[in-house]
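Here's the letter readout for the chains.
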Amino acid sequence: MSNRKDRLKGSLINFAGLLVLFFILVLVMQSGVVSSYVRGIIVQCFFAIIMVTSLNLVMGFLGQIALGHAGFMAVGAYTSALLAKAMTQANILTATPAAGVVQFLICMAAGALMAGLFGLIVGIPALRLRGDYLAIITLGFGEIIRVIIQNLKIAGSKGLAQGQAGQPLIGIPVMNNVYVLYWIMVLCVAIMFTFVRSKYGRAIMAIREDDIASSCVGLNNTYYKVLTFTISAMFAGVAGAIFAHRGLGTLSQNDFSFLKSTDYVIMVVLGGMGSMTGSIVAAIVLSALPELLRAAAQYRMLVYSVVLVLVMIFKPTGLFGAYEFSLQRGLKRLFGGRKEAQKA
Amino acid sequence: MSEPLTNPASDTPVLEVKNLGINFGGLRAVSEFNLELHKGELVGLIGPNGAGKTTVFNLLTGVYQPTEGYFKLEGRKMNGRQTHQIVAAGVARTFQNIRLFKQMTVLENVLTAFTKDLRYGIVSSTFRSGSFWKEEKAIEDKAMDLLRVFHMEDKAHYVAANLPYGQQRKLEIARALATDMKVLLLDEPAAGMNPTETAELLDCIGIVREKFNIAILLIEHDMSLVMKICERIIVIDYGETIAQGLPAEISKNEKVIAAYLGEQEEEGPIC
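Protein chains in written order, with the numbering used here: chain A, 1 to 344; chain B, 1001 to 1271.
If you're looking for bench data, these hints aren't it; they were derived computationally from the structure. Glycine is no exception: its CB is placed at the ideal position from the N, C-alpha and C atoms. Among the hints, erroneous ones may be present.
Unchecked claim - With beta-carbon atoms standing in for the labels, derived distance ranges:
hint, chain 1, residue 1, chain 2, residue 2, range
1, B, N1162, A, L187, 32 to 42 Å
2, A, I170, B, F1024, 58 to 68 Å
3, B, D1154, A, S305, 39 to 49 Å
4, A, F258, B, Q1082, 30 to 40 Å
5, A, P125, B, T1067, 25 to 35 Å
6, B, D1117, A, Y179, 33 to 43 Å
7, B, D1154, A, G247, 50 to 60 Å
8, A, L120, B, N1213, 54 to 64 Å
So here's chain B without its partners, still in its complex pose (with noise of 0.2 Å):
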């Protein structure tokens, strides 16, 4: 099990992690994990609370450095970069509790994410060159193009802390979204939702996939969502990958159920 599944379908990697692990003191909070991830595949990552899922995105996104293995982005490998140089190489990704930049506006939440598409210096900026306007400008087209695609173009001047849950959801995907990145990683974007709000969030990942063809390795509890959307599943448990495979595998796998159920006793359940 230890072998990463590979995707015949493209040769190199998008995302290539290689027996990634960490210690926090003693304790080994996630160790060899491996996966390959391609362009346009969305790979589920599923466990137990505490089971090290958030760990190995903060592991992803430079957040915590790896004390064994690596990890590479279209063949470059990211140790020891720190968080935003991995987001300019292209690894976006949103969180388990919500974190935006509440007191800002919609729009400027976006706009945030496009900083690095703004070559203005200081000198310009005060001045309020025509660059400045021409790419302040290009940056908010760009992002009202992208709210367009989440239909939140008429909430661009909402302050963000304002939006319904599941619209501040669909907000830190669409940041996330505007990094440019190759590869997504979402935390648990369902958590917290109502049935409605998580249909929203299918139809959400699906416009993702379709218009910005990219990587996506998704986080949920919400197994009847990540049976429905993930090609491949991961699982782990006290940081180990259990079984990696095709949903319908994972869903009868041994390990897997005993792990999110608990060991069967030889007397049985005790209920």
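Just chain A, same shape as in the assembly (with noise of 0.2 Å):
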């Protein structure tokens, strides 16, 4: 631990590590090459970070496999959606594109807290079981969130009182200025990581390395289990939440499927189980790649699968997880240290 000084010069350099991203996607956004087409993939990129990083607190740091998290997405997603479609027919912040973002915050936010008590809800059960069982819980609380959604009147067509059950929900205001984006992803990112830097993250690591020794250090393991798991949904809502707003308008329960949720299994799995960098780096290579090879589009999973198989056979712990703990050590090699080891 470093005295005072030295940790206000790193968070300096983190800081200004994060403002020279930032000033070089202002340069990009503003030379003219990106069409709303890439602005498109840069907004599922920042999605995916948040959703990928936050899938890895509860699968690389918990140590629980959890392949429900699109079900948190989607009530994310949808909590927002309405609610930005209810405060726009209101004509509640909608006169600038200032207040644009000032509604879509709001929106987020309460998007988050949904995510976050369905988190807690469907964790206080399910995390009484462990492997396998959980994994096949999780999948049901997942898909039963998305059939809910799917037969709910409020959340089709045109939404809440013209609704329609079973259809898409459309018309749902947009938000993809990537200036804010980058800035809530940044944000998001760092609260996972200062929470993963404290008593919390060591608990979690602890009870993943022996659930057995963490409760006799004196550590409530349902506890932390549960805060983490709610934590997690949170972050997948606030991901859902730009999902929903990123341009297309419209917002449907296939985009939330099982299929999705192991998407972002496969992300965390790949970039490293306890590697916040590794989550970073496999979300936005595997948000990236298939758009960029859309004419290979459809052997995608062939080549996630041989991938996967690859990777597990050389490298098990993911791209990014020799060393489950070196964090920060992976954080120097790629970002020089700057990116989200803010404040570490």
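Put the complex together from the two separate chains, hints included.
Next up, the structure:
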């Protein structure tokens, strides 16, 4: 642990690094080469990063397999979308683009809270189970959430009062300002990172390593497990909100199928369970790559599975997870300790 | 033999166990286990394999809930409490098959046991407030002091899994001590150790007794170790307490000899 001056210096360096990345983003956006299609990919990277790091909290750090994370994303997405529609209908915060951003932030927060609430409700019974059983029950809950949404009258077609069950939700206000989304992403990752680098992180890693020993040093396993699951679900909700407003204006429950959950699980595993760096890199690469290789889209799952098998054989801990706790070292190697090592 | 021995030195025992027992289905794994453990005492719990020694530890740490009897810690009844609550109240243990947080560093292993000392919440942790750093620094200093007691301060940043066996044992004891307990349960600390490591462990237990003034209950198969350091010994077999007393008495007790070596047949040993 360092003294106050070193810590301040470290934070400033981290922040400077984030600013540099931000200015690169601004330059790219202003250069005029970015089509709305590329902008879509950038936004996709942002919500994928939040989604994958949040899933990594549960899978990598807490060591529990969760296969229903897209369910929480759906809760966040629909909550945010419906609230935004309601606010727009009532003409609240719609006057200027800046007001639109505020509206989005409010809706996103609501989505996060709602997803967190669902995480809590699902987590309390589910986290009594371990391993395969937990995987199955989270899968089940994810599907239940999706099917409930499918049958909600307010969550289909034009939504709210004019809603129709079973239809995609349309006419969602768009918020795809990459500058705002960048800072939201940074904030989310930073919060999750500080969570891991605190007593909470130590506790959940101890539970992952040995849950009998962790309770025998006085840790309330259930509390830490449910807390982590809830926080993870909250950030999945944030990712869902960004997803909902990403620019298409529509939202279908099919966007949150079991396959979506497995996509993110693959990213966590490939990046390295217990490595946030790995999660970020995997999220960016695996979000951007399929778009860039659009021509070979139908072979995507084939390539995924082959890559996954190869990684499991040659690097079972994931690309960045050789040392499960080499977060900082991995960050240094990759980002020169800039990115979300903030305030570490 | 069912009445527990009392130590005249102090009157209120730290740990009082009364008729503790547990059934697994029809099997009585432990029955009518009695014990009074006073501050500063070291009591040995011995018995043949499968006698129920570790089950007693599991009962005393809330891993199993007793089906009969109770135990009190400093006069407070502990039945029905979960493991982490009992640990918070002051019982810590080590395990027969070492259970460290293997992929965490030596320091982190000890820090984890100090979690109860950290009062900061999520907000304070996220914004890295002054109290966050202050509290983290305080427990890190305490953890380093503890490691220093066991001469492991230079290994603080090693990954626990990479430590040699004897030091893993020591780290487990250090981690248990970090929970700030009144009663320490050691489950076969010398298992799998060579004579040098066992000697080191003896020193280590000596240091613990001297510096922390706690009560220790020790399961051990190494008889020379038990006889050397325990003040009293309880012997159990098939879940029943068959003898208890001073080491010298125990080593002569016929029931104990029978339990360990088998009943003497009329015709004498076959071999």
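Verification of the hints:
1. At roughly 36 Å, the beta-carbon separation of N1162/B and L187/A lies within the given 32 to 42 Å, and the hint holds.
2. At roughly 60 Å, the beta-carbon separation of I170/A and F1024/B lies within the given 58 to 68 Å, and the hint holds.
3. Distance hint for D1154/B and S305/A: a CB-CB separation of about 46 Å, consistent with the stated range 39 to 49 Å.
4. Distance hint check for F258/A and Q1082/B: the Cβ-Cβ separation is about 35 Å, which falls inside the suggested range of 30 to 40 Å.
5. The hinted range of 25 to 35 Å is satisfied by P125/A and T1067/B, whose Cβ atoms lie roughly 27 Å apart.
6. Restraint check, D1117/B to Y179/A: a C-beta distance of roughly 42 Å satisfies the suggested window 33 to 43 Å.
7. Checked against the given bound of 50 to 60 Å, the beta carbons of D1154/B and G247/A, roughly 56 Å apart, stay inside it.
8. In this structure, L120/A and N1213/B break the distance hint of 54 to 64 Å, their C-beta atoms being roughly 43 Å apart.
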